[in-house]
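One-letter residues, chain by chain:
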Amino acid sequence: MKEIIWHGRGGQGAFTAARILGEAYSLSENTFVLAFPSFGPERRGAPIRAFTKLDKKPIGNRSEITKADYNIFLDDTLFSEQAFDELKPDGKIILNTKKKNDDERVITIDGDSIAEKHLGLPITNTILLGALAAVSGYVSLDNIIEAVRQTMPPRLHEKNIAAVRAAYEEAVK
Amino acid sequence: MARQFLSGNEAFAYGVRLARPQVISAYPITPQTIVVEKLSEFVEDGSLKSEFIHVESEHSALSCAMGASSVGARAFTATSSQGLLYMAECLPYAAGGRLPIVMMNANRSTALPWNIYGDQRDSLSQLDSGWIQAYAENAQEALDLALMSFYIAEHKQVSTPFMANLDGFVLTHTYEVVDVPTAEQADEFLPPFETENKMSLTKPKNLGFSAGPDTNTFFKYKEHTGLLNVKKAVTEAESRFESIFGRHYSGLTENYRTDDADYILITLGSISGLVREIVDKLREQGEKAGLLRIRYMRPFPNEEIAKAVKNAKAVGVLEKDISFGNEGTVYTNVNSALQKAGISIPTSDYIGGLGGRNISPGEIENIFEELKQEKSAVKFLGIEVR
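Those protein sequences? They're chains A and B, same order as listed.
In case it helps, the working numbering puts the first sequence at residues 1 to 173.
In case it helps, the working numbering puts the second sequence at residues 1001 to 1386.
Take every hint as true, because none was put in to throw you off.
The calculated lysine-lysine pairs, modelled on PhoX-like cross-linking and capped at a C-alpha distance of 20 Å, are:
1. B:K1375 <-> B:K1288
2. B:K1281 <-> A:K2
3. B:K1281 <-> A:K67
These aren't lab readings, by the way, just hints derived from the structure by calculation.
The model shown is predicted, which means the values in this text are computed figures rather than measured ones.
So that you can see chain B by itself, here it is in the shape it has in the complex (with noise of 0.2 Å):
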């Protein structure tokens, strides 16, 4: 391994690349485009033998990349905001095909008023598509999830796209000290794509096909429990990964002084690491403040959830995030998982960082404050509603 100083962006390039990938088909969009253009001179140079096609929209970059999963082969793209809404007719197509692609998002605010700054809302916005959905908190983590999102993707029980996110120029643009895998033992982690789902003359099959009334649930269903085994394949992708790069991480969640917490602040992507030392600073002060990280949003960790928050007084959800004339769409999940547990405590969603806006450490002190008073309530930081 060797430690370079990388962005974001840069460290997820890194990862595919060790991940070597037979076909890139992507267009790019401001705060992906390093990505795409790293890539390309990796190509270029011959350091990743690719085919890398130039393609004229974000749904040819995605619809390029089912063709080429259908025939077998490691595809990847990547994209941010409209662009993903541009793709999104796309997205279902390639989970219903159980095509395995994997795609970096850099995760930045839709239009209209036009913003290219960092929020969720394009990602969260396309839960429902079938898509693994991971957030990454730093360039490292960055780097790892490139390598481990084909492994999990590409597991037979699996066989499902992934999406793998990075908060807009907070993670893609911020330059970081990563560790870089040597190629043997990302070879050694990952080995090559190989299914029984692709079009083939010794084989042939139907694909792309038409299912209806009397069969369609039946596929449905198996899209379904494909996406519920992404939890054995993270744990199994995980402790491979640890085994060989002596990095470990913790699932579809990530507990941070949780176990004796009595407010829990839930969170994802890059703003986790400010609220780890919010809680840190709370603990020293006496305060009983823990941190639960939602590294995976699909499939949802309900189960973890409900466990890490069952002792806790009341919880917090802060997200990048608004479903208009709702809530935020992470706090209604979260409180769907505590229901079903039975977990009846207050819970509080504070929307947060929308089109990019900071969300300073004195908020989140305040948040902490607030949850002592273990009433739930939807609010926007940076707006006083009277």
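Looking at chain A on its own, in the form it has when it is part of the complex (with noise of 0.2 Å):
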């Protein structure tokens, strides 16, 4: 089972992005997917966490995961060196950021400036969804847009899919 989790603040989209990709995933046939935020009232700007578990058959534990194959972080605030305790041990950081990360399994990306450029707003959840789609191989790109055609309201897709575009290419770099 692959096993994603998502940080973000209350109004970054976390939760959007762990359904995102969910639903990518489940546009093949016979996958299984559970995708949930941590429960509890909301509010913007709390820290938040959303999951996301793939698999190629039924998904029993619903609980919280707390090794991930992938631990996102959609504001470098959020992340400390506790992160590395939520990673499998091959698990991977992707950090959205400005700042250089020397370990070597943290992936950085520049998700605000493609952000700015792309949708003219500081939310990052569709690009750090393209990121993940390049470094893990786990949803195609082509998945990825659908989904995000079938969950976002309409006047969000083109701008969205520009970024998961953006993200994903440099990624891929």
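Mind docking these for me? Both chains are given alone in their own frames, and the hints should help you get the complex.
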């Protein structure tokens, strides 16, 4: 099973990213997915987590993920050394930041710049999705784009798809 | 059928839309809200032709559904926790009136302390209200149960209201891949609701009357036999369902690797998926573990449970419930089933998941380990009592 933890702040769309990833994976046959947020009162700006579990067989364990294949941070103010405790042995962190990080387990992307260019807002959920698709290979770029169309309101489609593509190309480098 | 990525609440709402209730009356409460919102959207966009009645409380929601059912309409409502308790006065009313209303309950803890998360104390406190009670494990079963619940409730020999339970958040708010049947398939499965038990100008009847000491027992006995007939109606509904949709369900219980099991854990609802995975893991290690999932708490599957566990060395019950001052209610019911069947093996009760507390894989493995001691006990997961 592939397990992904999403860290964000209320309003940044961490759960939306968890859902779009699940939707994208479910577009292939014989796939099973669970996508859910950390349950609780929701406040704009408060740290939240969301989870996506992907598998080729039914998934029985509905608990929060404690060890992830990818631990994703939409906001680098939420990132700390604790992030490494949430990783499986070969797990990776994808971090939205302008800073450099020398740890080989950390993949950085300047999502804010991509967001500014394509969305005009500092919302990086679909950008980190594009980056995840590129580095993990769990889902194709086409399926992410299709899932964006199925999940988001139509007025957000084109600019988010452009942002996903830009992030995908950036991360493939 | 179309594969869709839906939450448990959404899946149930899709199932209700396929059943085409003529009246929906409901009041929103976390974590049930989305099912009501979704249905109101379906009514708004015209994909469900139904009278959607906004009411001022849960008490009114069920009263309204009873009114609708009394004139022969297919009626649906939904609630959770405090809402169910506020509705409680009306529950035996609907059951005694033999009104086959369907209600979804999002299982949630009850106050105090205030808590919006999932446990099953809300619905289990209402076992004696005369309603059928079923518990779904995942979003697909939730959708399928929504459709089947109307068939079973409206079955001529049943005519009893149906409460379909979904664990709050872990099932209602988790997104999964769900096969959504077509409207044509659903119509083939579920005939329109027809009943003689209704107010009618052409065949006037007296509904909602009193019955004194001399006749009351007869009505209550009929109500009881109506619930006992559910077993037959479930079998009929599930075989009809399988022939149309290709998905199999196993009646009042689901047995998983129980045939040769020494130690069987009995549970209900969404935690069953994790127990099934632990059973597989223990089997790989050579342990004879099994899972018995209770799908229906009313009518209670006495014979099914006795048959499944008769060769086991010990049985555990894992439930998100406590009847204060006694033990978990599921445990009481299971022990009664075993006693009536003359099965004398140790049974233990594990009370977990209260107020939404996570039940971990390690805790379930530990339960199976403790069952090997073959002693009876009542324990709270997460609390060490010295």
